[in-house]
Amino acid sequence: MKFLKRTDLDCFLTAAAEHRTIYVPIDEEPNKSAYRRYKPRTPVSQGLKTTRSAKDFFFPQTENLVGFRIEDKKIKILDPRTEHEDFAVFGVRACDARSFGILDKVFLSEPVDTYYQNRRAHGLILTMTCRRPAETCFCTAFGIDPASPEGDIVFTETADGWYIEPKTEGGRDFLAPLEEFLEERDEGGAEEAKARTRETMEKLPLAGLKTDSFGGGKTKELFDRPEWASLSEACIGCGTCTFVCPTCQCYDIRDYDTGREVRRFRCWDSCMYSDFTKMAGGNPRLTQKERFRQRFMHKLVYFPENNGGEFGCVGCGRCLASCPIHMNIVKVMKTLSEGQDEQ
Amino acid sequence: MQEMMKNRAKALLADGTVSRVIGWRRGEFSYDVTPAVFETAEELERDFVFDAFCGANVSKYLIRESAKDGGRILAFLKPCDAFSFNQLLAEHRVRRENVYLIGIPCAGKADIDRIKKAGIDGVLGIAEDGEDFVVSTVYGEERVKQADVLAERCLACKSKRHPVYDELLGEEGEDLPDDVRFAGVAKLETMTAEERFDFWRSELSKCIRCNACRNVCPACTCENCVFDNPDSGISQKTAADPFEENMYHIIRAFHVAGRCTDCGECSRVCPEHIPLHLLNRKFIKDIDELYGTYRAGEDDGTKNPLTSYTEGDAEASVVRERGRA
Ligand code: SF4
Ligand code: SF4
Ligand code: SF4
Ligand code: SF4
Ligand code: SF4
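Line order of the protein sequences matches chains S and V. For the first sequence, the numbering used here assigns the number 1 to the initial residue and increments by one for each residue that follows. For the second sequence, the numbering used here assigns the number 1 to the initial residue and increments by one for each residue that follows.
Bear in mind the hints are in silico, worked out from the structure with no lab data behind them. Only true hints are included.
Here are the simulated PhoX-like cross-link-like pairs (lysine-lysine), alpha carbons at most 20 Å apart as the crow flies:
#1 S:Lys167 / S:Lys2
#2 S:Lys218 / S:Lys334
#3 V:Lys117 / V:Lys145
#4 S:Lys334 / S:Lys210
#5 V:Lys116 / S:Lys203
#6 V:Lys68 / S:Lys289
#7 S:Lys32 / V:Lys117
#8 S:Lys334 / S:Lys203
#9 V:Lys116 / V:Lys145
#10 S:Lys289 / S:Lys334
#11 V:Lys206 / V:Lys117
#12 V:Lys206 / S:Lys39
#13 S:Lys218 / S:Lys289
#14 S:Lys32 / V:Lys206
#15 S:Lys220 / S:Lys289
#16 S:Lys32 / V:Lys116
#17 S:Lys289 / S:Lys331
When you get a sec, could you build the whole thing from the sequences and use the hints?
Laid out in structure tokens, this is it:
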């Protein structure tokens, strides 16, 4: 199997960056990283997860869709679109890799979102296995194997480098000009690394988290459960959990009047916000309890109901790490499942 | 401390002084506690926790809780939480008669991010052992000095004294000197305007506009924030333009100037670790320098210098006189 030595990573990425833009996780401070455009000799983060997910590459926080300007009494339409550049994202974990499939179900079904579609078509996903999962990780609950991520090329990490397996045509093309940086190694090392990851997953505190109480068709059982009141009581209705989440997919479209032109842009929205369901006829979700319930019902019941049973969460644990009051999907699942056993 | 608090809470529930208790509920990994309202001794016994990770300021919840009928609610307040509460009281946002306050001493709260920064992950449990935390993890046992993982706001604590309470548990503390608290601002002041501009542009560019800083802030209690109100003309979730986006922080800092008690919640909750306290502390330091020392939340009688006029007030020309500092 092909192998990239840790010491050769910089040359490998530098050469790759000649063919397309490469984004890598960079440490902003210890244990906090963000994806940045790769520049030669910048150290790539060794951390497990970026604070923001990788969904930004396909579904950015804010993007200009179209602009309008009045010129000579005519409306001129401005095209700000830029999503046609080839790029690759390096170091994506299995959870985030799976999230793209979930977003695809939303953005690529009719009517297709062409902004998203273009970015997907131009982006390669270079995934990496997890050597040091965190206590907040529970991807395995959703059938994700962190030792065997999806993606165009899988990098299986060991102490001194990565075993490399291209999984798609795009992945093979990407590697073709980079062969000189790779060496041939017996694949036993890769198997060993994968086995270690799987062993660690079993020792994590959230190993064995059950999803049986959730899924399509559970709306009736779960919607009116009294526990929603206490689960949501401390929620401050920020959108942190939704914005760090790789699968949260809601957005708002607004016009920004610059004085000279109007820019129509879209930006992430959050079901945790009070105006999320505001419409001409009023607002059906009047308190934080209803908004809070929406987020978890969507991930655990409505999304699977509409998508052949697939859950809308990948267990990345970001909402566990970032919620200001430490309320999250795991606590919701445990509380509601417990109540169910008692019933 | 936890046992003392629990017992006191049970006693006050039993004798009818209060009908509810706001505190912190146990989590999954020992550091992830959640503010919660307890109504019975059994609930308290099962889930009430108080330890180094119970940093969340519960004062803001008292706006909602004190508006409810059905008896008083007991709240345990750290000194900084008591300053927040007092400020809310001054602004008539809480109903004092519906709250019973117990002031609790505070030696500083731990910041789990600082533990993780020390390279510790896979946390299974955290125990206090003398001056250390012993952290058991999937990867083995680790030790850190508690003093090394204190939250930023605790390193810069302004006072160990409670400006308001009904009773105190433990010893009352004293005010602390301000120099540590303002060191970060002083450093920013020595930068050139361009350096400072770049510093803030780079920090604020990380913002995901989750609004956690605003929603957690005990000074941000507007029924309808300007940023949520479509009629305000500046309502936004994120702006189309990144510079416009930065204005959110500047506007918010102006809105809470003179009312911010420096409780540190904004910086605590920011998922992007943006040092928001530096913005607010700059205002506090400027107010101190231009109008004389003023502490929001100190006493519900004193006047906020920004909303009261005296003849000696700084003139608008102060901006020019102080140069671009
Ligand atoms: S709900 Fe939480 S754990 Fe699930 S995918 Fe979103 S951020 Fe990750
Ligand atoms: S949730 Fe799973 S795939 Fe994601 S970082 Fe953790 S172990 Fe890796
Ligand atoms: S669950 Fe947590 S992160 Fe999500 S909106 Fe509520 S307080 Fe914010
Ligand atoms: S908490 Fe941080 S990321 Fe969220 S809006 Fe405030 S500054 Fe931005
Ligand atoms: S930012 Fe201003 S308008 Fe919004 S809640 Fe805070 S003080 Fe009120």
